[in-house]
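Participant: For reference, the chains in residue letters:
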Amino acid sequence: MGKGRIRTRGAAVTCALALAAAPAARAGAPAPAVAPPLKATVSHWWTSGGESAAIRQFADAFTRAGGQWIDQAVAGADQSRASTINRIVGGNAPVAAQFNTSKQFRDIVDQGLLNNLDDVAARGNWDRILPQTIIDAIKINGHYYAAPVDIHMPAWFFYSKSAYAKAGIAAEPASFNEFMSQLDRLKRAGLIPLAFGGQVWQEKILFDAVFVLVGGPELYLRIYRDRDLKAVQSPAFRDVLVKFKQLRAYTDPGAPGRNWNDATALVVSGRAGVQIMGDWAKGEFTSAGQVAGRDFGCFPGFGPKAPYMVAGDAFVFPKTGKPHVVRAQKLLATVMTAPGPQVEFSARKGSIPIRPDVDVSKLDLCARMGIAIMADKSRQLPNTEMLLDPDLNGALQDVLTNYWNRNETPERAQQAFAQAMKDNTW
Amino acid sequence: MAATALGAYVLTLLWTARVSLSSSRIFPNGDFVGLGQYERLFRNARWLLSLENLAIYGALFIAACLVVGFLLAVFIDQQVSGEGVLRTVFLYPYAMSFVATGLVWQWMLNPELGIQQVARRLGLAHFAFDWIVRQDMVLYTIVIATVWQASGLVMALLLSGLRGIDGELWKAARIDGIPKWRVYVSIVLPMLWPSVSTALILLFVMVVKLFDAVVAMTQGGPGTASEVPAKFIMDYLFGRANVGLASAASIVLLLTVLGIVAPLYYARGRALQRGRE
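Chains as they are written, first to last, in the numbering used here: chain F, 521 to 946; chain W, 1364 to 1640.
Read the hints as simulated data drawn from the structure, not as lab findings. By construction, the Cβ of each residue, glycine as well, lies at the ideal position given by its N, Cα and C atoms. Certain hints may be false.
Facing chain F, according to a computed beta carbon distance under 8 angstroms, are these residues of chain W, among others [said to hold, decoys possible]: (1) Thr1581; (2) Gly1586; (3) Asn1605.
Given the sequences, and given the hints that come with them, work out the whole structure.
Facilitator: Structure representation (structure tokens):
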């Protein structure tokens, strides 16, 4: 590690000398001004097939813009973030690093370890074009500290058209009760009604979907944003918990521990009716040769006013004073948020672009639906990671997974929920 | 060398202890909050559950490994043919990463894919083996899988102990007409104490650091039913970005280990010394 640092420092010195020498050379002879490529090490966790195809779009665009992309993929989001933090602490930070559009990088900002992107944001008019939920997550104390690259909606409903036909269901449900009765019909047709993987994070996605659809965005924000303990004890929240637990009867015995993509495969094969999952699930349908609208359907909730939960990914740019690194960072941020790469990226990632002024013809039906919904600000809702610190979010996951898996009353879950909120606020 | 060891172990240990007294979140920071993190830790239901799980798991795992390992060693010690092959077969699981074998176990135990499904296809319509999805049984599936992995190691240790026992002893026992099982239980087993205690310490270390088997098989689930302290620490260290609480948990775990392993080491040292005299 020590040797590596010396080598980077050596490279930096060479670069600085080259930069210093450049104007002199230009003055002497009109040599072709070929600037050395702006090198950027980019740390991220996109390693699956669709994901790496997506990030290659950014890498190619960066190369075209005169950069040199050095890919540092680390499998697993937690591991990737941990390696970024370690490298920042160790003084060997990557030029750019991926985080979720959330509170995950708030501590690094507070420690003053990130460069801000205010001039890129001003030139790109971020204040006007970005959705407010994303601005709230990345603009801290008046400065932009991350470049958002995609919007994921974690609670889409994906259903198999063949399964729905087999169960004799004609239309998408317009309310939670209608959804439940459709699950009953799927069950009677001998299918797995709800494709599900019993892992903690999947339980949380399912819960939050039920929460916004049954409890409504107002209650959701009162609890997750305002930490209103009275709202946690309210009958409305109890109702959310009850309805959430009712869904358990519609999952199959193989669900606990199952991976999300195995659950998606049940919908793809028509053995299960519907899955509630993020739009990354589309990749599984696509790779099985299925087309949105023809083989499977998607809807983001019930009715034309269903809230659209906003999540996503962003890149942060660790602090450095080296001018060529700063230039590389700004070029990266500019390229990643530009309309062209945004569309190419989203088409492969399954997400939707962060900006509305893009050519949507390359995107699928669900993504186009998502872009149309995002135009209606009143339907945008931040996901819980944007509102809660990671440890409180985790503690609430523990409460919900216990409630889901044990024979526990909703009142007990309400209490545990409130207790976790009290305990995890310093 | 000694200085490196001192630096690597003692200093990091002291550093962890210091961090556990701070309000550190994603970065270690220097403020002082006293025992706040420890209070929070012992109010955390998941931490208490993971300690309880570890105790149950540890007792069952160690007992089962010793029994199975001893029986395997005795079995191989009967001058069976193909001893080398058998030894390799029994020891082989220990050489494999549990991240890989855990997945296989997960499939075998999955009620929709594994043993239960096979038995039902064979006509046993009501055969049930769904422990891995049951809150009250899931911990035992981890015991089964890890005993499968580790008992070969115990076998190897005890077999070397058995081979060290003088053949004269067996002749004398035969002349006296003592049944073979009686010789094993009353004479051989006590003589094996140094090997057994080595096995005990190795097994105990495996219990404390139990992590990959849980992650590969159940991810701590269903719910939090198979949570263990090492996973708790890793979750809070990385995913939940709470270095302070994770450090407090590590220190508690370390103290527990010292409390149990230190007397074991002492007893083993005494036994070895007595053996030499």
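Participant: Against this structure, judge whether each hint is valid.
Facilitator: Outcome of the hint check:
1. Given the 8 angstroms rule on beta carbons, the hint for Thr1581 of chain W holds: about 6 angstroms separates it from the nearest Cβ of chain F.
2. Satisfaction of the interface hint for Gly1586 of chain W is found here, the shortest Cβ-Cβ separation to chain F being roughly 3 angstroms, below the 8 angstroms cut-off.
3. The restraint placing Asn1605 of chain W at the interface with chain F holds, with a minimum CB-CB distance near 4 angstroms, inside the 8 angstroms limit.
When the structure is compared with the earlier hints, no violation turns up for any of them.
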